[in-house]
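S.K.: Sequence:
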Amino acid sequence: MVCVVSGLWMMSLPLALAQSPSGFSASGQTLRSIYEHLHRNPELAFREGRTAAFLAEEMKTLGFEVSERVGDEWVRKRAAEEAGRVEPGVGGYGVVAVLRNGPGPTLMLRTDMDALPVAERTGLSYASEARSARWTGGDEAGVMHACGHDVHMTVWLGTARALASQKSKWRGTLVMIAQPAEELGLGALAMLEDGLFTEFPRPDYNLALHVNATLPAGRAAYAPGYVMANVDTVDLLVRGRGGHGAYPQDTIDPVVVAARIVGTLQTLVSRELDPQDAGVVTVGAFLGGTTHNVIPDDVRLMITVRSYADASRAKLLRGIERIARAEAAAAGLEGDLAPVMTVKADYTPSTFNDPVLAERVGASLRRSLGEARVEVATPSMVGEDFSRYGRVEPKIPSVMIWLGAVSEADAQAASAAGRTLPALHSSAFRPDPDPAIATGVRLMTDAALDLLKARR
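Residue numbers (the working numbering): 1 to 456.
You may find that some hints are simply not true.
Here are the simulated DSBU-like cross-link-like pairs (lysine-lysine), alpha carbons at most 35 Å apart as the crow flies [said to hold, decoys possible]: (1) K453 x K167; (2) K395 x K60; (3) K77 x K453.
Read the hints as simulated data drawn from the structure, not as lab findings.
Generate the whole structure from the sequences, applying the supplied hints.
M.R.: Structural data, given as structure tokens:
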């Protein structure tokens, strides 16, 4: 399969550019060596200083106008608010690289840079041994590119190389951004707050890709409309009146009230959302009490809420508060003892692929890879803050593509055995880098050339 993908890639570009990941980048490093370097040296959100500097230097070598630390002011202010101080090495490390090539559309291509606090267990020769504290401090933990951002960055660089070397084939402005802190859902916000669309050329189109842990390398998928969900984080404090476990009649037990709330929440999606809509309300943590014979004063519920349409999001959030207050009131917990619901303000908005642009990109994918290697994806309930770039008024048509990332042989073997491959965010997630990178560079380059097509 690697040979097939490399062969297709080589047919679509001039010989000097027709390089698989073993071909050289402008700085003299191969894309494969760049990938291994990035995988071996992951950095957590808002700590991507070395990664950003590496990418910026590569882009300067290719002739881009490069700006660094886009988003820094916002990040440092937020860090001071959340942690009381700015930890050493923490900052906004956004990179904006601009290549101007005459009049024409402006296209933004985005990669993310951050890794996850996961100790790697792939056994790869270039596995990460990095350890780091999070941006707000705390203990160090293992760090790994368990969500494929190392693949994203390598594809981004390979695409920049190809487009910089084919300027006779396109016209317009190419804006390539390397974004921090996607895993926190804050990196896009930081860059936008720091003037991404006011200090730099405002795009006519936004494109990005994300690896897919179930799709074999050499394949791709896309979809018009919603592709990823709104992601809300909800904390619910259920208050009661604690006491001795032997005298429950003298208490109002918040454990029982919280349990009723959890049960009733299950009706929000099944009975209040349109069956043609979709949503998730998951209670991920139920925290209360200290020992066997003490009824606590309160219980804390930690809830994730997923939705597509903003109206559905609002309905689910209102429903959680309504149910919590009603169950508490039924137990006599009102006024100062009513539940307290906190919704994280900086939620991750749903990702919506502009239908017209999605079909245009889908046609480009089919031309690049062949009909049999391109799928129409179903929406996912995960979240991605790439969505923010398309929501800035006036809205910018945006599309995110799924890139096949796993070994086709491994995928076939897993399917035959009835088991699943390691998912994204797993310590065992292992992309098949050569065909994944080659395919990613090809499809992103071809899509960009189509959108920035030179007039003859």
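S.K.: All hints, please: hold or fail.
M.R.: Going through the hints against the structure:
no.: 1; hint: K453 x K167; in the structure: 10 Å, holds
no.: 2; hint: K395 x K60; in the structure: 30 Å, holds
no.: 3; hint: K77 x K453; in the structure: 41 Å, violated
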